[in-house]
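A.B. asks: Listed here are the chains, written in short residue letters.
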Amino acid sequence: MAVEERDPHSGYLTTGHEWNGIKELNTPVPRVVFVFLALTFAFSLVYWLLMPSFPVGTTYLKGLLGVDQRTAVTEELRRASASRAAWARRIETADYATIRADPNLMGLVRETGRPLFGDNCAVCHGTDAKGGPGFPNLTSGSWLWGGKPEDVARTLQVGINAAHPDTRASQMLAFGRDGMLSREDVDAVAAYVQSLSDRSVSSGPDAASAAAGAKVFASKCVACHGPAAKGSTSIGAPDLTDAFWIYGGDRSSIRASIWGGRQGHMPSWEARLTDLDRKILTLYVLDLGARAP
Amino acid sequence: MIAQLTIQERQSALMILGGLALAGLALAVAGGQDLLAAHGWLTVVCALAGLFYVISGYFEPEPSPERLARYYDEPTKAGVVIAMIWAIAGLFVGDWVAWQLVFPDLAFEGAWSSFGRLRPIHTSGVIFGFGGNALIATSFHVMQRATRARLPDQITPWFVLLGYNLFCVIAATGYLMGVTQSKEYAEPEWYADIWLAIVWVTYFLLFLRTLARRQEPHIYVANWYYMAFILLVAVLHVVNNLAVPISFGSAKSYSVFSGVQDAMTQWWYGHNAVAFFLTAGFLGMLYYFLPVRAGRPIYSYRMSIISFWGITFMYMWAGSHHLHFTALPQWVQTLGMTFSVMLLVPSWASASNALMTLNGAWTKVRDDATLRFMTVAAIFYGISTFEGSFMAIRAVNSLSHYTDWTIGHVHAGALGWVAMITFGSIYALVPKLWNLDTMYSGRLVELHFWLALSGTLVYVFAMWNSGIIQGLMWRSYTEAGTLSYSFIDSLVAMHPYYIARAVGGLLFLLGALVGFYNIVMTIRTASAAQDESDAPVLGAAVQAGE
Chain L
1 MAVEERDPHS GYLTTGHEWN GIKELNTPVP RVVFVFLALT FAFSLVYWLL MPSFPVGTTY
61 LKGLLGVDQR TAVTEELRRA SASRAAWARR IETADYATIR ADPNLMGLVR ETGRPLFGDN
121 CAVCHGTDAK GGPGFPNLTS GSWLWGGKPE DVARTLQVGI NAAHPDTRAS QMLAFGRDGM
181 LSREDVDAVA AYVQSLSDRS VSSGPDAASA AAGAKVFASK CVACHGPAAK GSTSIGAPDL
241 TDAFWIYGGD RSSIRASIWG GRQGHMPSWE ARLTDLDRKI LTLYVLDLGA RAP
Chain H
1001 MIAQLTIQER QSALMILGGL ALAGLALAVA GGQDLLAAHG WLTVVCALAG LFYVISGYFE
1061 PEPSPERLAR YYDEPTKAGV VIAMIWAIAG LFVGDWVAWQ LVFPDLAFEG AWSSFGRLRP
1121 IHTSGVIFGF GGNALIATSF HVMQRATRAR LPDQITPWFV LLGYNLFCVI AATGYLMGVT
1181 QSKEYAEPEW YADIWLAIVW VTYFLLFLRT LARRQEPHIY VANWYYMAFI LLVAVLHVVN
1241 NLAVPISFGS AKSYSVFSGV QDAMTQWWYG HNAVAFFLTA GFLGMLYYFL PVRAGRPIYS
1301 YRMSIISFWG ITFMYMWAGS HHLHFTALPQ WVQTLGMTFS VMLLVPSWAS ASNALMTLNG
1361 AWTKVRDDAT LRFMTVAAIF YGISTFEGSF MAIRAVNSLS HYTDWTIGHV HAGALGWVAM
1421 ITFGSIYALV PKLWNLDTMY SGRLVELHFW LALSGTLVYV FAMWNSGIIQ GLMWRSYTEA
1481 GTLSYSFIDS LVAMHPYYIA RAVGGLLFLL GALVGFYNIV MTIRTASAAQ DESDAPVLGA
1541 AVQAGE
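Chains as they are written, first to last, in my numbering: chain L, 1 to 293; chain H, 1001 to 1546.
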């Protein structure tokens, strides 16, 4: 049996029910609730009229504005590409030297190249393009496959040891693990290779080992790295006389490379980036190197 | 615990546990080398432990018939403690992965400690472990009080509570091993889903059986919400998890939905999990514990009705706002957006109904941290529902989608609303359950309140900032018409906010630890005191069990 009481604080009647001490007031719903309900419904109604809304059989109400998100995004992409067309054409058609000599175009290359590099290349080469263990420093000027614009563009296009049919392919054999060199020979060559960029090795306690390593080098390594150990950009063999190392220039890293071999990998970007984007990246990377201290 | 079961119920328990052990064994054998076998053996171990426990108490004297004149609160007591344990586990893993986003190396060797496997442990741990157990525990308490009927028997509530926790453990261990169907908030695989469906239907029947035997002519609002929660979660769970296992010996299954239909089903589920798990269930808590604690009548019964039907009707349409600007047909996005906008009105009506109920009790809000937990929860409910409707608008969504703003929004709701109302309700409930006047320490409740509030604010402000910065960086173009920033630039910009977020989460975790200590100490104080459930306040008899 419901017994309504008046709440002394608010002055409203209760509904007369009680659950374990809980009562409810019979307060009318404030007008503002209905006002907002009406407003949000009116907004929805207008929106339904203007935009695609309810389904009707196998089709749907298209809306008075005729908006369609697919055509809208296609149109936006077309406009965006049109707004880039003027300068994009100049970069596409001009040769590398002309672009590099044009400060305006190079401004565009730097502005556009930085996010492109960040989204596609930085994951391996680092945001500053200085690489890391296993990934070459692109600002060093020491190029595995050549540092001319055409060379860099080609590397970007086909990749290294990649899935592309014309990929650049290169491998350093596992001289130690596969038994082509004895343990002592590996140690000796490692000492010799280190001495090429670190003069202190030839005069230190390893001088004899380095001298022995030079003989092994002359028989096993020259085929790729050349008699002067300057490497060859036509087969992706690194210059061993400079200060730049992909896998580390300390003795144990050099030894690990000789013992276990190396086969780096860079994907082909032909299918993933447009010709224009790859050209911008080529110019951007070379520009980073040119501006590096 | 076994002493509270009748002999028939002890026999049923043995049968159920024996059946469970056999089912586990079947999974283990069928699984062979598959990860399924690990879960089979886990089930066998749990069932055997239960069997030994029941047998050890099998010959204890039967409970006296006098129990039937009182409410049955033992499962609620267990549920509250289990909920707090899950809270600490879930919040700990959450803060761990938050620090992983700051320091990616903060993981151990092996895939199990990677972000991708730990994150679902956090989300399931807090939503299902903490939230779900708190909902089950409080619903047992509220459904009895508001119907003035004892739970129909002693064994069904234990089956529901412990069965549900078996599901949670299978889910969490599965994530560590890499068992997932990759649907957000519905990661557990088919066998766990089947088990949860059985438990959940039993839960629904338990609720109906209690309701059918009620001594009150009307059903109180809190029970409407609890019922909506139980019923709709069953529907959502079953539909979204329809899947075909690649074999009965494999943990892996494939959803019956594919492509954009799968996405739509998933976000119909996902958004209504927010609606009926994280909103309706906790509104049930709010509608019971807030007026009890404030000692005030509900502000407006009529507003309760409008809000209830508004929320239950409109939420069902809103899920597609998770798929703006995707392959989902635009008309579906339109419906999701417009219903989300209209949904704001019943949501705010609920929040105002709660806050207006406090009129005449604001001095209590000032003095009582427990009531302040509930008040702040209602305020955060208002804030996050406004934010949700706002973010559902296409133009806003084009900025906010895929950014940390979404994470901030979710945590404004999860920390500010769901966890706050739960802690408030638990602090109101625990002294009642153990027949005490107050918690062990009111000052620790106060400390927990400020840790929780500051943690939530630090977290949410950090994510608002980082989310909006991210969104703006992703859509900013150079004069040449190309993107100004790379993705990694935006990641670098997030770093300070990620530190702030992890600190906010740490504060919230510390608060939960303080709360757990306080609850344990309260229970220890009570062990000496009379340990018996209360009878109805009106002097009228409670409807006895079946």
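Since the hints were made in silico from the structure, they are not lab data. Positions of the beta carbon are idealized from the N, C-alpha and C atoms, including for glycine. Any given hint could be a false lead.
Straight line, CA to CA, 25 angstroms or less: simulated BS3-like cross-link-like pairs of lysine-lysine [what the hints assert, rightly or not]:
1) 215(L) to 230(L)
2) 230(L) to 220(L)
3) 230(L) to 130(L)
4) 23(L) to 1252(H)
5) 23(L) to 1364(H)
6) 1077(H) to 1432(H)
Residues on chain H that point at chain L, a partial pick, calculated with CB under 10 angstroms [what the hints assert, rightly or not]:
7) 1300
8) 1330
9) 1389
10) 1444
11) 1489
12) 1492
13) 1495
Among the chain H residues that face chain L by a calculated CB cut under 7 angstroms, a handful are [stated by the list, open to error]:
14) 1077
15) 1216
16) 1440
A.B. asks: Any CB of chain L closer than 10 angstroms to the CB of residue 1444(H)?
C.D. replies: Violated - the Cβ of residue 1444(H) stays beyond 10 angstroms from chain L, reaching only about 27 angstroms at its closest.
A.B. asks: Close enough to count: is the Cβ of residue 1492(H) nearer than 10 angstroms to one in chain L?
C.D. replies: Holds: closest Cβ of chain L sits about 8 angstroms from residue 1492(H), inside 10 angstroms.
A.B. asks: Can residue 1300(H) be said to touch chain L, with a Cβ gap under 10 angstroms?
C.D. replies: 4 angstroms, holds
A.B. asks: Holds or violated: residue 230(L) and residue 130(L), Cα atoms, limit 25 angstroms.
C.D. replies: Measuring from Cα to Cα gives roughly 21 angstroms; hence the hint holds.
A.B. asks: Hint check: residue 1077(H) vs residue 1432(H), CA-CA at most 25 angstroms. Holds or violated?
C.D. replies: 10 angstroms, holds
A.B. asks: Is the Cα-Cα distance between residue 215(L) and residue 230(L) 25 angstroms or less?
C.D. replies: 16 angstroms, holds
A.B. asks: Should the interface hint for residue 1489(H) be scored as holding, given a Cβ-Cβ cut-off of 10 angstroms against chain L?
C.D. replies: 6 angstroms, holds
A.B. asks: Let me know if the C-beta of residue 1216(H) comes in closer than 7 angstroms to any C-beta of chain L, holds or violated.
C.D. replies: Residue 1216(H) check passes; min Cβ-Cβ to chain L is 6 angstroms, inside 7 angstroms.
A.B. asks: Does residue 1389(H) hold up as a contact with chain L if the rule is Cβ-Cβ below 10 angstroms?
C.D. replies: 9 angstroms, holds
A.B. asks: Just to be careful, I want the Cα atoms of residue 230(L) and residue 220(L) compared with a cutoff of 25 angstroms; is the pair within it?
C.D. replies: 15 angstroms, holds
A.B. asks: Less than 10 angstroms between beta-carbons is the criterion; does residue 1495(H) satisfy it with respect to chain L?
C.D. replies: For residue 1495(H), the interface hint is violated, since the closest Cβ of chain L sits about 13 angstroms away, which is over 10 angstroms.
A.B. asks: Check the hint pairing residue 23(L) with residue 1252(H) against an upper bound of 25 angstroms on the C-alpha distance.
C.D. replies: 51 angstroms, violated
The structure fails hints 4, 10, 13, 14 and 16 (numbered hints given earlier, in ascending order).
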